[in-house]
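So the sequences go chain by chain: A and B.
When we follow my numbering, the leftmost residue of the first sequence carries the number 4, and every step to the right adds one.
When we follow my numbering, the leftmost residue of the second sequence carries the number 30, and every step to the right adds one.
In short, the hints are calculated from the structure, not lab data.
This structure is a prediction, so every number in the text was calculated from the model and none was measured.
It is possible that part of the hints are untrue.
Sample of chain B residues lacking proximity to chain A, with all beta carbon distances greater than 12 angstroms (derived) [as the list claims (entries may be wrong)]: (1) Thr127; (2) Asp286; (3) Leu318.
Taking lysine to aspartate or glutamate and the EDC-like style, the derived pairs with C-alpha atoms no more than 16 angstroms apart in a straight line are [to be verified]: (4) A/Lys261 x A/Glu37; (5) A/Lys310 x B/Glu443; (6) A/Lys261 x A/Asp95; (7) A/Lys332 x B/Asp439; (8) B/Lys99 x B/Glu56; (9) A/Lys310 x B/Glu222; (10) B/Lys446 x A/Asp337; (11) A/Lys310 x B/Asp122; (12) A/Lys78 x A/Asp51.
Every residue, glycine too, gets a C-beta built ideally from N, C-alpha and C.
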Amino acid sequence: MIRNRAGLAAVLMAAFVLAAPASAQRAAPLPWQEDPFPSRYQAPPPDDMLLRGATILDGAGGRIDGGDVLIRGGKIAAVGKGLANPGVREVDAAGRWVTPGVIDVHSHDGTFVLPLTSIDREASDVSEVASPNSADTWIETAVNAQDMAFDRALSNGVTTIQILPGSTPIFAGHSVVVKPVRAPTVWGMKAAGGVQGFKMACGENPKSWGADDDNEGPTSRQGVVSYMRQQFLNARRYKRAVEQARAGAGAMPPRDLKLEALAGILSGDIRVNVHCYRAGDIAAVLTIAREFGFRVGAIHHATEAYKIPGLLREAGTCAAVWADWWGFKLEAQDAVRAEAPLLERAGVCVMMHSDSPADGQRLNIAAAKAAAAGRRIGINTPPETMIKWTTSNPAKLLGLDKRIGTIAPGYQADVVLWSGDPFSVYSRADLVLIDGTVVWDRAHPHSEPVSDFELGRGGVEP
Amino acid sequence: MKMFVSAIALAIAAPASAQSLAIVHAEAWTMEGDTPVHDATILVDDSRILSVKAGGAVPAGVRTIDAQGKPVTPGLVNGATQIGLVEISGSNDTVDTTSRDERNPGDDVSRALNGNSTLVSLARADGITRALVYPSPSRHAPFSGEPAFARLRDGVDILDVANVGVYAVIGGGAWERLGSRAVQWSALRNALEEARRGMDDGDAGRKGKKGHGDGPPGGGRRAGAELIRGVLAGEVPLAIQTHRESDIRQAVALAEDFGIRVIVVGGAQAWRAADALAKAKVAVVLDPLVNLPFNFDQLGARQDNAALLVKAGVRVAVGQAGGAIHANYNAGMGLREGAGIAVANGLPYIEALRAVTVNPLAIWGRGGGALTPGADADLVVWDGDPLEPSTNAVSVIVEGREASTRSRQDLLAERYKDAR
């Protein structure tokens, strides 16, 4: 698959160079490689600093006790012991901990906006449900940047959030990755440079929607799986037609935004996140991915992934999991708190996720619960491993692992200075940096970001 | 044959006081003072605490648990949850939270409690031994029904005491039966007035009676309208689940006008009325985790709510911790995490422990919950700080007996531990 694509790209490149003006350096991207809603995020001027004498969990599995982190020009400049200060602000971090900023790969912030009101109940922006195939939708076109959930996340050390559409449609649409900073629109928050994400769903949510007489869509698990395959078959045909037309063989088919998105999944340009609970559902989805030659980025919720770690490991698919959501519906009966340590030990790329503006503020605490449950069955997970579940592993899923999720020279300085052990319920985010800029400083709570929504409302201000 | 012999040996070895138990080398948080008793020996006889003494001796033949210097606390108490009434919240046939009877404000949840629920065994494994279980809004607004105390002993029967209060819900949101909150408050006041008239007519029956031990075990008091008279008679509190400052001040006024005990449950904006609540001795059962308003009533929800209230002199318990999912599915872990977050936001540690032990029992009119001689032997041995989610409960003792701390989750995790 990958080799074919590379070969085709070479052909296209050659064709383009011959036909295009000399100034053009690259072939035009295929339709599914384009971002119709580009980011307008600009990092503010950086605050250079040296964090001195902290316990550093670098996010990639390393730990330095009494270590220093030098941050310059928005990047990590150096990590180690006894670093020389080149003349920047020095922060005494003795007794405190430093980690990469927390990354939450499953959020509905900006679309499941609290407080909920009638309009959200009648016509929610969490997902477009006119059809079980909403592949053409881009969730960012719904995100309300004034959701105060972004502020709460930020002041609790979250620096990157993937907003996914909900799990009612089978093909729910494109995700967006944002920094939880104050901006008038989502595009002022949008993090560029990763792999475009996409959401799919299996199991109870799509089938129960379809089972309602008023709605379109399959009514059973087997119907959902079959629907996926048929749509991918259609997309494969469409993708071939587009590629052939680009290569000069045949007419370009009319643009179809749904097929385009699915073609992007088949080509590997768009990375799928699939909401599934039961082991059988997960296995079916991984089998479909194999049939159509793409890799699923992550199974989300994945409450029974611990029963089939080998299937995920061999597919190169991560699991984005909770510590302790369980039981609320039938397919969530078998969720266990020890899932993350079980998957970690089995060699699966695992990460914590929230699906909730409340729990998204405490993903490290979720990791602590998971590790404690692991201890009950004899699995001990050290802090330097646990931190991967909220930093470098989610960065991999987002295709941002060369930029964020790790504290190492050259990485963007998305960094949190915690008042103590980041897995303790008592620890607070003292300093939060995004791109090397202080965006939250607990010592100056009046600098706390306040959304337009909260401004000037009685009952809010002390 | 060998098994037989050991069974006999065990029977002979067991002393007369078969339920005697000792916990040694405990950091015992008795809840009597602000600090723990170090290297404590806790003696339990039958279902009562016998003594808590630093370095105390253990009588021969008594089963002994070595706490290894780790914390031992009273069994934690959830101040508001619905465990025992819910199995799969998404499947109505497993949910017993709600009355649909339009004729009666009553819903005595005690008759629906299910100790076999997987939610109960997990909460117990997380160190909860008692829980206030409340009903959801009924069709007889603003009443929900009568909450009960559950005691999370092993087995199906987890009823501790039924009809410990009257539970009502007032506020905005999806509230179709009565409309405006003005009408909801009127309905509540009218019900109280009507009950008072009934008592004045001489059929009050139980007016003035104190205590909760009377009647058959598990509660003989009648629910519904008659329990509203119990509120007026000072026997039980009236719990009002409400959040907005204006409603909290209405609740305070109601308590003062009728001279009754009122509990505010929820109370997202309670911090704004802290002094008024303290003055009227209105207690608050709250979720310290909330810092996002689910609806407009909860604007201004903040995690230092508990700290601000306690500072003003309001008695606070933790309940409904963690919102929709965790309040029931993690009635133990959510409670502990909530108390921990309250500490992280300024609540003194000992006050947080009180908010999950003695306070909920006091607020709901039960009392007890401390590790003192003669007290109920509900206690937990932890492998660390009980308010840290990274801590596990090692032993959970309910009514003097070591209860199971293995949940269905533990069994599943063990079954698939070696899956690769």
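ask   = Hint by hint, which ones does this structure get wrong, listed from lowest number up?
value = Hints 3, 6, 7, 9, 11 not satisfied by this model.
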